[in-house]
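Engineer: The primary structure of each chain is shown beneath.
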Amino acid sequence: MLKIKDLNVHYGGIHALRGINIDVPKNKIVTLIGANGAGKSTTLRTIMGLVRGSKGKINYNDTDITNKETKEIVEMGAVLVPEGRRVFANLTVEENLTLGAYIRKDKSEIKKDMELVYKLFPRLAERKWQKAGTMSGGEQQMLAVGRALMTKPKLLMMDEPSLGLAPLIVKDIFEIIKEIHRQGVTILLIEQNAKAALEIADYGYVLETGSIVLEGEGNELLNNDEVQKAYLGETK
Amino acid sequence: MGMSNFLQQLANGISLGSLYALLAIGYTMVYGILRLINFAHGDIFMVGTYIAFYSMTSFLLPWWLSFLIAMILTCIFGIIVEKAAYKPLRNSPRISVMISAIGASFLIENLAIVLFGGRPKAFPIPDMFNKVVKIGNVSIVSVNFYIPIITGILLLILLYVVNNTKTGMAMRAVSKDYEAARLMGIDVNKIVSFTFGIGSVLAAMGGIMWGLKFPNLVPLMGLMPGLKCFIAAVVGGIGDIRGAVLGGFILGLGEIMIVAFLPSLTGYRDAFAFILLIVILLLKPAGLMGKNLTEKV
Ligand SMILES: Nc1ncnc2c1ncn2[C@@H]1O[C@H](COP(=O)(O)OP(=O)(O)OP(=O)(O)O)[C@@H](O)[C@H]1O
Ligand SMILES: [Mg+2]
Numbered sequence: 001m002l003k004i005k006d007l008n009v010h011y012g013g014i015h016a017l018r019g020i021n022i023d024v025p026k027n028k029i030v031t032l033i034g035a036n037g038a039g040k041s042t043t044l045r046t047i048m049g050l051v052r053g054s055k056g057k058i059n060y061n062d063t064d065i066t067n068k069e070t071k072e073i074v075e076m077g078a079v080l081v082p083e084g085r086r087v088f089a090n091l092t093v094e095e096n097l098t099l100g101a102y103i104r105k106d107k108s109e110i111k112k113d114m115e116l117v118y119k120l121f122p123r124l125a126e127r128k129w130q131k132a133g134t135m136s137g138g139e140q141q142m143l144a145v146g147r148a149l150m151t152k153p154k155l156l157m158m159d160e161p162s163l164g165l166a167p168l169i170v171k172d173i174f175e176i177i178k179e180i181h182r183q184g185v186t187i188l189l190i191e192q193n194a195k196a197a198l199e200i201a202d203y204g205y206v207l208e209t210g211s212i213v214l215e216g217e218g219n220e221l222l223n224n225d226e227v228q229k230a231y232l233g234e235t236k
Numbered sequence: 001m002g003m004s005n006f007l008q009q010l011a012n013g014i015s016l017g018s019l020y021a022l023l024a025i026g027y028t029m030v031y032g033i034l035r036l037i038n039f040a041h042g043d044i045f046m047v048g049t050y051i052a053f054y055s056m057t058s059f060l061l062p063w064w065l066s067f068l069i070a071m072i073l074t075c076i077f078g079i080i081v082e083k084a085a086y087k088p089l090r091n092s093p094r095i096s097v098m099i100s101a102i103g104a105s106f107l108i109e110n111l112a113i114v115l116f117g118g119r120p121k122a123f124p125i126p127d128m129f130n131k132v133v134k135i136g137n138v139s140i141v142s143v144n145f146y147i148p149i150i151t152g153i154l155l156l157i158l159l160y161v162v163n164n165t166k167t168g169m170a171m172r173a174v175s176k177d178y179e180a181a182r183l184m185g186i187d188v189n190k191i192v193s194f195t196f197g198i199g200s201v202l203a204a205m206g207g208i209m210w211g212l213k214f215p216n217l218v219p220l221m222g223l224m225p226g227l228k229c230f231i232a233a234v235v236g237g238i239g240d241i242r243g244a245v246l247g248g249f250i251l252g253l254g255e256i257m258i259v260a261f262l263p264s265l266t267g268y269r270d271a272f273a274f275i276l277l278i279v280i281l282l283l284k285p286a287g288l289m290g291k292n293l294t295e296k297v
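In the order they appear, the protein sequences are chains A and B.
If you're matching positions, the first sequence starts at 1 in UniProt numbering and goes up one per residue.
If you're matching positions, the second sequence starts at 1 in UniProt numbering and goes up one per residue.
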C-alpha cells in the first residue's frame, strides 16, 4: 500500500533520513521503532507532505505522492495522528471531530462515522461540548485518534500515541489500534514503547540516526538480542 | 454640558466606535491566523472608500450598488495583497513579513496618490444618511443610526460564520495549529484568503460609512484610523473578535467623550488611543479579552 524508496531528508545541514526503504502492505500493522532523534517523526511527516525529501520516492497505492500536497494525500486516504496529539484546543470535541471530516461531503456517512467514533471512545461522547484544550492527556489522545478516523482513512499513521499516558490507558489505546485494524485499516505505528508495538505488529523496522538498521516480523524483532538490549531494556 | 449635548455626543461616539470595531476586526482576524500585523489594512479601508466614491461619481451608479461593488472589489483587493505580499513569505522569519507589510502599505498609499490624486475629494452622501433627526431638542444626523445598525448586522453574520460554519471552524483551527489543520486536509491558503476577504469587506464597509460621516477623502485617510484600530485590537486582546469590537467601542466612545467633557483637550483626542494602549500594555498586556498568547512556533 505504501512503499518508500531510498528516502533522504535534510533539515538545513542535518541529514535526518539517509536513504530508508519501508514497505507497508495493505491490512497490516507495521511499526517503526528507534531512539529519540532517529528520524521516526520525520518519516511520517515526509509521507504526509509536511516535510519534503531531498531524494527518494514515496508511493501510495501505486501513485507517486512524493511531491503531492498534504490535502491531496489526506484525500487519498492517508492520515497522521501527529506527535503530541495536537488537537484544536480552542474547539469543542465535536468540532474537532467535524473538522476531521473536513474533506468529506457525505453528510449522512459523516454522522454515522461520528457515532462510531463515540462508540469507540465513550469518553468523548460524554464530553462532546467540552473544549479540547481542557481535557486530560489521555482524552486528548483519544480525540486525536478519533479526529483522524473521521477522515475515513485507509492508512492510519500514529506518532507515539502512548506518549505520556498511564499504563492502563496505554493498554486501551493499543486495544483500540487493534480494533481499528480489524475494521480494515492499514496501520503504520511509531512507538517508544517498542515491546507493545512489536507485539501487535506484523512487521517492524528499527531506525537509528536516519538509517534502517534492522527489520523483520514483529515476533522476530521482539526476540532479537540487539533489539532487546537497545529498546526493551532487557539483557540476556 | 446639557443632556441633549451629551446624547448627541453619545450617538457620535457609538457610531465612531462601530467604525473602529469594523476595522479592528480585520487586524485581529489576520493576526489570529497568520500572527501578522497587516499594516496595509488601513489602506485597504481607503481603497474601499475610493472605489465607492468613483462608482458613484464617475460611473454614476446608485449608492447601494456602489457600496456593493466596493465591498466585492475590496474583498478581491485584500486577497491579492495577501497573495502578493505575504504568501510568498509564509515560511520566512516574522520580521521579513512585517517589512513586507509596511512595504505593501507604502506602495498602496503612493499608488493611490498617483491614481486618485492628492487633493481631497468630497464623498457624496445619499439623502437618507444625511437627514437630521430631532428627538426632543436633540438633533442627530441619521447616518449615526445607520452605522451601528449596519455594523451590528455585519457582526452577527461574522460571528455566525466563525462559530457555526465549517469554514469558520477551519479558521479557528488554523489559528490554533496551522500544521494540524493541514493534516486534516484543510487548505490553509484558502482559509487565509477567506480571512483576508472577510477583513477587507468589513474594512470597505467601514470606509464607506466613514465617508458618509466624514466625507473628506484623501489617499492617506487610512493611516490614522488604521493605527487606532490596530490599537483597539490590541486593547481588546489581539486575535479575539469580541475583543476587537470592545476595543473599537472603548476607543470611539473615549475619544468623543474627551471632546465632549474636556473641550480644552480636544487637540489631544488622537493621543487618547496611544495613552490607552500604554495603560493596557502595562496593566493587562494580553488585552481585555485576551488570554496569555503563547508565541507561535
Ligand atoms: N524542523 C526541524 N529542523 C531541524 N532539525 C529537525 C527538525 N525536525 C527534526 N529535526 C532533527 O531531525 C532529527 C530527527 O528528528 P525526528 O523528530 O524525526 O526524530 P524522532 O525519531 O521522531 O525522535 P523522538 O522519538 O524524540 O520523537 C533530529 O536530529 C532532529 O533534531
Ligand atoms: Mg518523534
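Errors might be hidden in some of the hints.
Incomplete in silico selection of chain B near chain A, CB under 10 Å [what the hints assert, rightly or not]:
no.	residue
1	LYS176
2	ASP177
3	ALA181
4	VAL188
5	ARG242
6	ARG269
7	ALA271
Quick list of the computed label-pair ranges, beta carbon to beta carbon [claimed, not checked]:
no.	chain 1	residue 1	chain 2	residue 2	range
8	A	ASP106	B	ALA271	56 to 66 Å
9	B	ARG242	A	LYS111	54 to 64 Å
10	B	LEU281	A	ASN21	51 to 61 Å
11	B	ALA122	A	SER108	40 to 50 Å
12	B	ASN163	A	ASP106	49 to 59 Å
13	A	ASN27	B	PRO88	18 to 28 Å
14	B	PHE214	A	ASP106	46 to 56 Å
15	A	ASN36	B	ILE113	29 to 39 Å
16	B	ILE278	A	SER211	39 to 49 Å
17	B	ILE95	A	ALA166	38 to 48 Å
18	B	ASP270	A	LYS111	28 to 38 Å
Chain A is faced by these chain B residues, among others (derived, beta-carbon under 8 Å) [as the list claims (entries may be wrong)]:
no.	residue
19	LEU68
20	GLY103
21	LEU107
22	GLU109
23	ALA170
Keep in mind that the hints were calculated from the coordinates and are not lab data.
Just so it is clear, CB atoms sit at the ideal spot from N, CA and C, and this is done for glycine as well.
Engineer: Each hint needs a verdict: does it hold in this structure or not?
Structural biologist: Results of checking the hints against the structure:
no. : hint                            : result
1   : LYS176                          : holds (5 Å)
2   : ASP177                          : holds (6 Å)
3   : ALA181                          : holds (8 Å)
4   : VAL188                          : holds (9 Å)
5   : ARG242                          : violated (14 Å)
6   : ARG269                          : violated (36 Å)
7   : ALA271                          : violated (35 Å)
8   : A/ASP106 x B/ALA271: 56 to 66 Å : holds (57 Å)
9   : B/ARG242 x A/LYS111: 54 to 64 Å : violated (31 Å)
10  : B/LEU281 x A/ASN21: 51 to 61 Å  : holds (55 Å)
11  : B/ALA122 x A/SER108: 40 to 50 Å : violated (57 Å)
12  : B/ASN163 x A/ASP106: 49 to 59 Å : violated (24 Å)
13  : A/ASN27 x B/PRO88: 18 to 28 Å   : violated (43 Å)
14  : B/PHE214 x A/ASP106: 46 to 56 Å : holds (51 Å)
15  : A/ASN36 x B/ILE113: 29 to 39 Å  : violated (58 Å)
16  : B/ILE278 x A/SER211: 39 to 49 Å : violated (56 Å)
17  : B/ILE95 x A/ALA166: 38 to 48 Å  : holds (43 Å)
18  : B/ASP270 x A/LYS111: 28 to 38 Å : violated (54 Å)
19  : LEU68                           : violated (30 Å)
20  : GLY103                          : violated (27 Å)
21  : LEU107                          : violated (30 Å)
22  : GLU109                          : violated (35 Å)
23  : ALA170                          : holds (6 Å)
Consistency note: the structure conflicts with the earlier hints numbered 5, 6, 7, 9, 11, 12, 13, 15, 16, 18, 19, 20, 21, 22.
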